[in-house]
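Letter by letter, the chains look like this.
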Amino acid sequence: MTDLNIIALVSVGAHPTSGRARRAEQDARAVELGLRLAGDKLQVLHAGDPQEEALRAYLGMGLAQLSVLDQPKQADALPLLTSYLQDAGAQLVLTGSQAETGEGSGMLPFLLAERLGWPLVVGLAEVEKVENGVAQVLQALPRGQRRRLKVRLPFLASVDNAAPTARQSAFGPARRGQLQAHEVNIVEDSLLAEAQLQPARPRPKRLKVIKAKTGAERMKAATAKASGGGGQVLKDLSPQAGAEAIFKLLIEEGVLR
Amino acid sequence: MLNTLLPILLFAALALAVIGAGKRFLMWRRGRPAQVDWIGGLLAMPRRYLVDLHHVVERDKYMSRTHVATAGGFVLAALLAIVVHGFGLHNRILGFALLAACVLMFGGALFVAKRRRNPPARLSKGPWNRLPKSLLMFAASFFIATLPVAGILPQGFGGWLLAAVLAVGVAWGVSELFLGMTWGGPMKHAFAGALHLAWHRRAERFGGGRSTGLKALDLDDPKAPLGVEKPSDFTWNQLLGFDACVQCGKCEAACPAFAAGQPLNPKKLIQDMVVGLAGGSDAKFAGSPYPGKPIGEHSGGPHLPIVDLNGKALVDAETLWSCTTCRACVEECPMMIEHVDAIVDMRRHLTLEKGATPNKGAEVLDNLIATDNPGGFAPGGRLNWAADLNLPLLSEKKSVDVLFWVGDGAFDMRNQRTLRAFVKVLKAANVDFAVLGLEERDSGDVARRLGDEATFQQLAKRNIATLAQYRFNKIVSCDPHSFHVLKNEYGELGGHYQVLHHSTYMDELIGSQKLHLGKHKGGSVTYHDPCYLGRYNGEYEAPRAVLKAIGIEVKEMERSGFRSRCCGGGGGAPITDIPGKQRIPDMRMLDIKQTGAELVAVGCPQCTAMLEGVVAPRPEIKDIAELVAEVLLEAPAPAKKPAPAKREMAEVQ
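Going line by line, the protein sequences match chains L and F. Residue 257 is where the first sequence ends in my numbering, and the numbering goes up by one at each step. Residue 910 is where the second sequence ends in my numbering, and the numbering goes up by one at each step.
These are computed hints drawn from the structure, not numbers from a lab. Incorrect hints may appear among the rest.
Claimed, not checked - Ranges between beta-carbon positions, derived for each pair:
| no. | chain 1 | residue 1 | chain 2 | residue 2 | range |
| --- | --- | --- | --- | --- | --- |
| 1 | F | 536 | L | 53 | 37 to 43 Å |
| 2 | F | 795 | L | 180 | 48 to 54 Å |
| 3 | F | 551 | L | 128 | 35 to 41 Å |
Said to hold, decoys possible - Chain L regions said to be covered by chain F (calculated; three or more residues, Cβ under 8 Å):
| no. | region |
| --- | --- |
| 4 | 16-25 |
| 5 | 57-66 |
| 6 | 168-174 |
Claimed, not checked - Dumping the calculated EDC-like pairs for lysine to aspartate or glutamate here, alpha-carbon to alpha-carbon at most 20 Å:
| no. | chain 1 | residue 1 | chain 2 | residue 2 |
| --- | --- | --- | --- | --- |
| 7 | L | 208 | L | 253 |
| 8 | F | 472 | F | 645 |
| 9 | F | 776 | F | 810 |
| 10 | F | 718 | F | 478 |
| 11 | F | 617 | L | 25 |
| 12 | F | 617 | L | 32 |
| 13 | F | 850 | F | 813 |
| 14 | F | 778 | F | 883 |
| 15 | F | 718 | L | 25 |
Every residue, glycine too, gets a C-beta built ideally from N, C-alpha and C.
Sequences are here, hints too, so could you generate the full structure?
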């Protein structure tokens, strides 16, 4: 365990089949990671309704309290979180990758890191050590691969399902724990106020053409590393040339039109 | 000389025994308070001992006769010895009576000694092997010392030498039998046992009653402990109950987890609780250990945690999670100790305070909270199994004769076959029934046995609120677990219903001639008693009667009825999945195969799943409802129909 000042950001989740409010799966993993790193010194923060009972599921993981920035559903959490985190002197902020309710855009970690001017590690799997203000962490990549990164503190990290499973939430600590409401200045979310929400469509998936004739080949295809085939590695390029290459690819793929 | 020595010995031993009793009593009182009927319990105790307890002991005729002779002889001999030798009332008749009591006790003790020569593995050794010698010594010493009183030998016979020998013998005898009773010897069982019977936490069990529902935790009081962390968190009469154990090992012999090599031995568990209540280590335990866990490595005290999740304390968590809550130990226990209550109490602490339900436990509990079923299936799919059956919904009918409680088997494709078969039977009998459909929730059985009392109470209260909106005469369920919980555990939370297992209900339907049944075709059949139907609710007859009605003669297994062996599926055991040397359902399948039956009839979705999980070749597994549905006949021509039955059916329609 380290003496880091760690804050985990949590949201209210929704069960995938019943839609009932619960602790969000990824946020709970962020709390788990925080608990493993900081023990009971971990601070957990939520922006929303302090009366929300589903938040108690986080307390049930063994937290004495959970700070809640008291704000209505439509308010913009970003400015509040930014100022809170700046004042709190956080060294590591953990979040889930994407909320299960609300906008669920998955943008919060990026916007927050941008505003704070901190580095962001996506898919944090493990913090190996922290020395002299630099953390050595493992970042999760697809197919169980890990990338070792050195990041200077403070930084922000989002966790996905590669992070350790959240511990069980127990009734006793959930009941005893405190939901501490903080009065804050509510900031209207101007975009949400005028824009219209529509349900997300599942992202189209490229059809997989199975060419394998034997079981062994199918196994190989299923376990092989992702290989773009046509991809190329650009090295020692000027930022300008790199950006142009990316731009060209995006147009080829039809992402930019 | 003996005339001065004996009273001193007797009264000194008695005085020390009384001090020991006080000490022991204070030890029990370290537990939490419990409501007991102090005087009424004591008054009822002799009857409970001589009738209820004797019924259990009587299953082993050898032991019951041995015990009657030994214990009866001892009580008589001890009382008379106090009168004759203690108070010096040297009456000849009393002398002869004391001689007779000593002979009776000696005879009994000889049989105790005989069983100890080649004891079965379930018996504890150590001090328990010393006991018959002490009993013989007590009886023999007082016999010889009393001969002069009866006038058979002259006073002062044998001189100081015999007097010295007798004094030693009496001292040994009274040390074991008077002192040992309250200072922790084997005879403790008599003292603690008697008081345990008087202040038992389930007094309803006496006089032929049954009390098997778990007791609710008080969740409204934030100060009340959530389960048992330390021995002193048990109620004091639970602690007293542990102290009553005679270490006969009947529980160990019946325990499916012990037989499967999982780290549980009910006898050792109770003895560990005794160690916990007095403080110390388990090194002196002289019976079989928990499989795979050597003796002498665990210790505890009344105010120390029982389970240490990161090391060793009194009991390891996996011991507690090995239990299938089949209640075989409680059924066998001649001291009527409540093992399952204790295990669930300790599980409650692990789940509610520590969040340490092992393996799939946490996931199942989360699912129950979020989707009202343990599998995490979309609640909207609860009635998909009956999409084509056009089942009447209680929310539409409002009032109905029979509420068919479907249970979570609705999500399991195997159990759906059973459910559909039972619906066929209900329709054939023209029963006025309905289902709750999407309003139904898990009964809370699994949550409760996994120690999650909070989720259980939440599910139960919601179910009770749903049921309160409608009118029905009875609830019928194909799942003995739901049946038990609805019948015996909802009452404490305000839900009182008449609940029947589907086998009982089908037996009623057959009895009132509402079903027209052919005969079962096919090979021989055996029947597996589900724990929650049999031992928990005493229903052994109805399933057999139904099978008989369709022409099946049940080939009984050696372990059937109240001795039925668990399938391994209860108490959340398949979820916590503690490894052992073999699987409990495999052992049960061996029992089944020994009968040579080609088909085993079951009455429980858990048993079905567990037994069907045994690799083939093995007998086929079918629910009683399926067997009945297979032989349903078209209603015979009206002329043949008995008149009263006809009228009833018309009413129903």
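| Straight-line Cα separation of residue 778 of chain F and residue 883 of chain F no greater than 20 Å? | holds, 13 Å
| query | That 48 to 54 Å hint for residue 795 of chain F and residue 180 of chain L (C-beta), does it hold up? | reply | holds, 52 Å
| said: A range of 37 to 43 Å was offered for this pair. Does it hold for the Cβ distance of residue 536 of chain F and residue 53 of chain L? | reply: holds, 41 Å
| Given the hint that residue 472 of chain F pairs with residue 645 of chain F, does the C-alpha gap stay at or below 20 Å? | Measuring from Cα to Cα gives roughly 40 Å; hence the hint is violated.
| task | Below or equal to 20 Å on CA atoms is what counts here, so check residue 850 of chain F against residue 813 of chain F. | result | holds, 11 Å
| Within the region 16-25 of chain L, is the number of residues with a Cβ closer than 8 Å to a Cβ of chain F three or more? | Three-residue rule met by the region 16-25 of chain L, so holds; n is 4.
| task | Check whether three or more residues of the region 57-66 of chain L sit with their beta carbon closer than 8 Å to a beta carbon of chain F. | result | holds (count 3)
| said: Please verify whether residue 718 of chain F and residue 478 of chain F have alpha carbons no more than 20 Å apart. | reply: holds, 17 Å
| message | Is the coverage entry for the region 168-174 of chain L by chain F consistent with the three-residue Cβ rule at 8 Å? | response | holds (count 6)
| Does the Cβ-Cβ separation between residue 551 of chain F and residue 128 of chain L fall within 35 to 41 Å? | With Cβ atoms ~37 Å apart, the hint holds.
| field | Pairwise hint evaluation, residue 810 of chain F against residue 776 of chain F, where the allowed Cα distance is 20 Å at most | value | Given pair residue 776 of chain F, residue 810 of chain F holds - Cα atoms ~11 Å apart, limit 20 Å.
| query | Does residue 208 of chain L pair with residue 253 of chain L here, judged by a C-alpha cut-off of 20 Å? | reply | Holds, at about 17 Å.
Hint violations for this structure: numbers 8 and 15, all remaining hints satisfied.
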